[in-house]
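Line by line, the protein sequences are chains A, S and C. Take the numbering used here: the final residue in the first sequence is number 653, and no numbers are missing along the way. Take the numbering used here: the final residue in the second sequence is number 241, and no numbers are missing along the way. Take the numbering used here: the final residue in the third sequence is number 432, and no numbers are missing along the way.
These aren't lab readings, by the way, just hints derived from the structure by calculation. Be a bit skeptical, because a hint or two may be false.
Computed list of lysine to aspartate or glutamate pairs in EDC-like fashion (alpha-carbon distance at most 16 Å, straight line) [claimed, not checked]: (1) C/Lys378 x C/Glu429; (2) S/Lys138 x S/Asp192; (3) A/Lys523 x C/Asp167; (4) A/Lys299 x C/Glu181; (5) C/Lys321 x C/Asp292; (6) A/Lys299 x C/Asp167; (7) A/Lys299 x C/Glu337; (8) S/Lys208 x A/Glu587; (9) S/Lys203 x S/Glu134; (10) C/Lys432 x C/Glu337; (11) A/Lys636 x A/Asp558; (12) A/Lys523 x C/Glu429; (13) A/Lys299 x A/Asp554; (14) A/Lys523 x A/Asp554; (15) A/Lys48 x A/Glu33; (16) C/Lys378 x C/Glu393; (17) A/Lys299 x C/Glu177; (18) S/Lys208 x A/Glu641; (19) A/Lys636 x A/Asp568; (20) S/Lys208 x S/Asp133; (21) S/Lys208 x S/Glu134.
All values reported here derive from a predicted model rather than from experimental measurement.
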Amino acid sequence: MTRPPTDRTLPADVTISEDDIARDARALGVVWSEPPGFWGWLTTVDHKKLGKRLIVTSFLMFLAGGIEAALMRAQLSRPENSLIGPDRYNQLFTTHGTTMMFLFAVPVMTAMGLYFVPLMVGARTLAFPRLNAFGYWNYVVGVVFLYVSLFVNMGPDTGWFAYVPLSGPQYSPGHRVDVWAQVVTFTEISALAGAVNVIVTAFKMRAPGMTVNRIPIFVWSQIVVAFMIVFAMPAVATASTLMLATDRAVTMHWFNPAEGGDALLWQHIFWFFGHPEVYIIFLPAMGMITPIIETFCRRKVFGYTPIVMANITTAFFAFGLWVHHMFATPIPELGQSLFTAASILIAIPTGIQIFCWLATMWMSRPQLTVPILFVLGFLFTFVNGGITGVMLASVAFDKQAHDTFFVVAHLHYVLLGGGVMPLFGAIYFWFPKMTGRLLGETLGKWHFWLFTIGVNVTFFPMHILGLEGMPRRMYTYLEPTGWGPLNLVASIGAATIAVSVLLFLINVIATMRRAPNAGPNPWKSSGLEWSVASPPPSYDFLYAPVVESRHPLWDTTIDLPVLTGFRTDRREVLVTTTFSAEPDSRHEHPTPSIWPFYLALCMGVVFIGSIFSPWFVLGGLGLSIIGLAGWGWSGTKPTHHERVATPVAVPERA
Amino acid sequence: MKTFRAAGTVGELPTVTFGNRSLMWWGTLGFMVIEGWTSALILAAYLYLRQNYDSWPPLTIPYPSLLIPTINLGFFLLSIVPAIFAARAAKQLDEARVKRWLIVQCVACVIPLVLRWWELWALNARWDTNAYGSAAWTIVGFHTSLLVLDVIDTLGLTLFYFLKQMPVKAFSDVADNSFYWYFTVGAWVVIYAIVYVGPRIL
Amino acid sequence: MHSVLDPASPQARAVAHLWWWFFGVGAAVWLAVMATMLLSLRGRRAVRGADDLMQPAPGVEARVERLVKGATFVTVLILLGFLTYDFSVGRILAQQPTNPLTIQLIGHQWWWEAQYEDQDLTKRIVTANEMHVPVGQPVRFILTSRDVIHSFWVPNLTGKRDLIPGYQSTIWFQADTAGTYRGQCAEFCGLQHAKMALTIIAQPKAQYQLWFAAAVSSQTEPTDSTLLYGERIFMTTGCSVCHAISGTEARATVGPNLTHFKSRTMIAAGTLPNTRENVARWVLNPQVIKPGTQMPPSPLNTAQLSALLTYLETLK
Chain A
0 MTRPPTDRTL PADVTISEDD IARDARALGV VWSEPPGFWG WLTTVDHKKL
50 GKRLIVTSFL MFLAGGIEAA LMRAQLSRPE NSLIGPDRYN QLFTTHGTTM
100 MFLFAVPVMT AMGLYFVPLM VGARTLAFPR LNAFGYWNYV VGVVFLYVSL
150 FVNMGPDTGW FAYVPLSGPQ YSPGHRVDVW AQVVTFTEIS ALAGAVNVIV
200 TAFKMRAPGM TVNRIPIFVW SQIVVAFMIV FAMPAVATAS TLMLATDRAV
250 TMHWFNPAEG GDALLWQHIF WFFGHPEVYI IFLPAMGMIT PIIETFCRRK
300 VFGYTPIVMA NITTAFFAFG LWVHHMFATP IPELGQSLFT AASILIAIPT
350 GIQIFCWLAT MWMSRPQLTV PILFVLGFLF TFVNGGITGV MLASVAFDKQ
400 AHDTFFVVAH LHYVLLGGGV MPLFGAIYFW FPKMTGRLLG ETLGKWHFWL
450 FTIGVNVTFF PMHILGLEGM PRRMYTYLEP TGWGPLNLVA SIGAATIAVS
500 VLLFLINVIA TMRRAPNAGP NPWKSSGLEW SVASPPPSYD FLYAPVVESR
550 HPLWDTTIDL PVLTGFRTDR REVLVTTTFS AEPDSRHEHP TPSIWPFYLA
600 LCMGVVFIGS IFSPWFVLGG LGLSIIGLAG WGWSGTKPTH HERVATPVAV
650 PERA
Chain S
40 MKTFRAAGTV GELPTVTFGN RSLMWWGTLG FMVIEGWTSA LILAAYLYLR
90 QNYDSWPPLT IPYPSLLIPT INLGFFLLSI VPAIFAARAA KQLDEARVKR
140 WLIVQCVACV IPLVLRWWEL WALNARWDTN AYGSAAWTIV GFHTSLLVLD
190 VIDTLGLTLF YFLKQMPVKA FSDVADNSFY WYFTVGAWVV IYAIVYVGPR
240 IL
Chain C
117 MHSVLDPASP QARAVAHLWW WFFGVGAAVW LAVMATMLLS LRGRRAVRGA
167 DDLMQPAPGV EARVERLVKG ATFVTVLILL GFLTYDFSVG RILAQQPTNP
217 LTIQLIGHQW WWEAQYEDQD LTKRIVTANE MHVPVGQPVR FILTSRDVIH
267 SFWVPNLTGK RDLIPGYQST IWFQADTAGT YRGQCAEFCG LQHAKMALTI
317 IAQPKAQYQL WFAAAVSSQT EPTDSTLLYG ERIFMTTGCS VCHAISGTEA
367 RATVGPNLTH FKSRTMIAAG TLPNTRENVA RWVLNPQVIK PGTQMPPSPL
417 NTAQLSALLT YLETLK
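Construct the complete structure from the given sequences, taking the supplied hints into account.
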């Protein structure tokens with residue numbers, strides 16, 4: 000077997016002829032295609048189609064959450080306003096938080112990973128295409144369930160973190176909180192499916208030569224976040240599905256102090272998830288900034304290794320901060336102090352990333368394209384949020400600011416500044432790759448300026464409101480408090496944000512109506528994803544690219560070295576070794592399948608049904624067995640010409 | 040667009056692999072980490088609740104009985120044997136032996152599932168009696184879901200092997216199924232120790 | 117008004133100082149980052165190389181590397197500095213008070229029950245939503261909840277502390293300036309979380325003693341016929357099912373204790389000023405003012421209502 004050498008000049012081999020390329024492309028196009036029509040749409044396992052679908056669905060959730068926010072801002076724009084009553088308001092703020100955190104932020108970051116990780120590591124698709132589809136459809140079940148419930152006045156109303164005992168059976172009778180608990184279940188299944196896919200793809204399907212220290216920083220951030228999802232999501236699922244839902248449905252006593260249960264246990268488990276959750280949103284956004292800066296500063300980023308280490312360190316630290324959400328509770332002071340220290344020190348790795356980016360920009364001449372503008376907006380906004388975060392880490396100060404609009408200000412500064420702004424920049428940056436078209440620059444600039452101004456006008460006054468004594472989650476406030484004027488300013492800011500997002504939508508729609516006009520690499524960027532067509536063909540890569548550096552497209556001068564010899568009569572992907580990325584085996588990948596969609600519906604029956612009767616759980620389980628059988632059966636088609644690896648007694652070369 | 044230079048071929052690479060060379064093995068490992076971590080979290084919550092009581096189990100609730108759970112623990116540990124042999128046969132691509140050991144594995148994993156019913160009641164507290172009962176039932180119940188999943192997987196694989204000619208790569212699935220079974224048993228050993236034996240000695 | 121930055125106690129003052137330091141240093145850091153960002157846009161330190169990538173001028177890269185390391189080092193120093201300052205403030209706040217006035221504060225949906233502790237059982241004041249405290253003496257609150265989690269927060273006087281069912285927690289402060297301080301529930305507790313305010317009235321020692329003496333005294337039985345009629349309305353149309361007035365046969369503890377009701381400045385947990393008209397509106401239909409509140413409407417006719425209000429106005 001010939002294997003490409005990884006650390007010396009490649010021999011001057013043959014340039015592949017155009018005829019060969021055309022023939023292979025035709026064959027692969029057939030093998031990697033979908034059935035036509037609606038059935039094809041339902042059964043697709045194409046990571047790009049599913050990734051785009053998830054991005055679009057998440058953005059719809061962003062709009063929904065935005066409308067909820069707009070309604071709240073309208074209600075709060077005047078003291079003692081009667082636009083929205085307490086019951087409706089409580090459903091709105093709960094759904095806003097739940098939508099933004101569970102149905103927009105994490106899914107959209109996951110979606111960018113599911114779309115781009117294979118393309119950036121040179122793989123033809125994800126490791127588990129059907130699992131990817133299963134994850135997407137579970138997410139859709141969650142979306143539909145939440146919003147149908149909201150419209151039939153069964154929307155959850157105890158906040159996106161649903162503290163007990165308020166959310167328990169005694170103080171929240173009915174099914175509103177059960178809706179929340181199960182929406183969490185579906186989004187958890189979806190996130191975990193995505194995480195496993197990202198980890199295994201990034202570990203085992205990288206292009207030959209892409210050793211660990213050549214992995215693109217975007218991919219590093221996705222790997223780190225995938226691990227965080229694996230360890231954080233089970234906590235919220237345990238709390239919501241196994242504890243809260245059972246307290247409510249079958250009279251368990253996890254959180255009932257009268258029977259030995261504990262109201263603080265909920266907070267511990269929830270925030271053990273909840274704090275890493277915000278870094279799960281934030282770190283992928285950081286991962287998007289590096290390629291944008293590299294491309295428009297036309298420079299390799301300063302400090303690749305410190306940035307990677309900062310990502311990993313942040314992820315570890317993130318699991319040690321959760322008690323800072325509980326400083327007002329009777330947890331011993333000494334314990335609280337440890338969490339103060341961790342919460343302050345986590346600023347260091349984040350700061351290091353920012354310094355590296357500033358250094359890169361300093362040693363270059365940044366082109367002020369829309370993606371770079373959003374990076375600047377990120378710096379302007381997020382650094383502010385990071386600083387208020389350090390303030391809130393102090394127990395003494397937090398006891399004044401906790402649960403006030405100061406926290407609302409902080410969290411929106413970091414989520415919008417540190418999450419959404421890089422995301423918008425990333426959308427403008429990768430839009431041509433995903434659709435073959437470049438978004439309009441002028442509209443983009445209007446979008447950027449209005450969004451940045453809007454965010455700051457909306458949320459800066461909230462710092463002051465919090466210090467002026469305004470707690471969170473109030474459907475109204477009295478006139479003598481004096482909170483009226485700043486609330487009005489915030490509401491005007493919110494309207495500005497709405498206009499900016501509208502401009503973005505117009506930009507997207509108008510651009511999609513134009514003919515494709517972007518080639519494979521309109522920005523002359525360096526990653527492997529820019530070596531394929533825009534949008535990429537169904538099989539992503541015609542051959543397996545071989546990588547010799549961190550910036551393949553900037554460092555290869557003439558041809559791209561590739562490995563050939565894949566079968567063109569079935570879907571074949573290359574599996575490589577974990578650390579040194581040497582070619583190790585080929586794997587036959589699954590074709591389109593209905594079973595992921597079917598099984599996701601079964602999950603819907605099981606978990607939504609569990610709210611109403613245990614028979615649904617049993618029935619759903621039975622239906623699921625059919626689905627599992629179908630899924631397994633469709634993987635048992637006989638194949639020919641298999642080559643079996645030597646028995647497992649020979650361990651993998653590291 | 041740049042042109043391509045052929046720098047090697049993959050035609051000689053194997054298409055069926057076992058262990059950490061196989062993607063499905065990694066998927067199984069991922070599932071195990073997630074479910075194992077979830078179990079650890081539930082156990083941590085179970086132990087956290089102890090501080091709300093003077094005695095554990097709470098007064099009026101007897102210790103969990105050890106008879107059936109210990110017998111079942113024996114069955115769990117025994118069941119590892121057919122799993123090991125099935126995996127070994129699979130790596131040697133011996134279909135006849137695989138089918139034989141799969142049948143034994145089916146029996147070996149269904150027995151603990153059946154006994155699980157009595158194991159739950161051996162806790163001597165209902166899930167709705169108090170927080171102790173809720174916690175104990177939740178952790179044992181959660182493990183039961185893992186058990187059910189593996190029984191379905193084992194039964195399904197066995198059925199498929201007898202219903203049709205399975206492809207070569209299915210041997211890798213047999214090995215992964217055994218891998219998952221080791222985890223299920225291992226997790227149970229920990230839960231048994233903490234929930235059934237723990238209150239008596241701690 | 118009720119601002120964190122308008123402290124009336126040493127505890128709140130320590131935090132306000134901490135805030136201003138945080139703000140000053142934080143603003144300076146933000147400005148430094150913005151300046152670096154803007155300066156870097158001018159791009160005078162780099163040229164485009166043959167490979168179409170930007171190359172910095174010679175020597176710049178080494179200098180930048182030193183700057184990044186320096187910035188990281190300075191960041192660590194600033195953060196460690198804050199950590200130390202914060203710990204020292206925490207130690208101050210954690211000191212236990214000597215000889216405090218102790219008040220049990222119990223959270224309900226959506227009002228505050230206050231019980232003043234005293235060795236002498238006859239001097240145990242039970243009141244709701246409004247508390248008087250002496251200036252210059254530490255006041256310690258023992259906090260718990262009857263239903264869901266609430267949070268006690270009076271920004272001028274102290275940081276907040278949660279009221280958690282199944283737990284008892286304490287917080288203390290010492291008011292050093294006389295005044296009326298508004299607080300609000302700071303943990304979402306259901307439909308009327310927004311209207312669960314409280315008032316702390318800090319009075320100089322002498323005035324506090326006067327208030328205390330009046331507060332521990334029982335209501336005297338009315339003699340006037342209108343007042344008797346009003347009292348009968350209170351006792352027979354449902355009020356006494358939930359509300360207690362010491363010195364009468366009304367002893368229920370479901371709702372706020374109404375002893376000395378007329379002396380309170382606000383009603384319905386700080387929602388409305390305590391005027392005859394507001395009390396009338398509240399009594400007739402609390403659901404209009406605080407939808408979801410536990411108190412049902414009272415179907416009283418004009419004469420009954422008038423007598424009741426007049427009776428309540430005698431509860432000074």
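Item checked: Non-conforming hints, listed in increasing numerical order -> Numbers 7, 11 and 12 - these are the hints that the structure violates, sorted from lowest upward.
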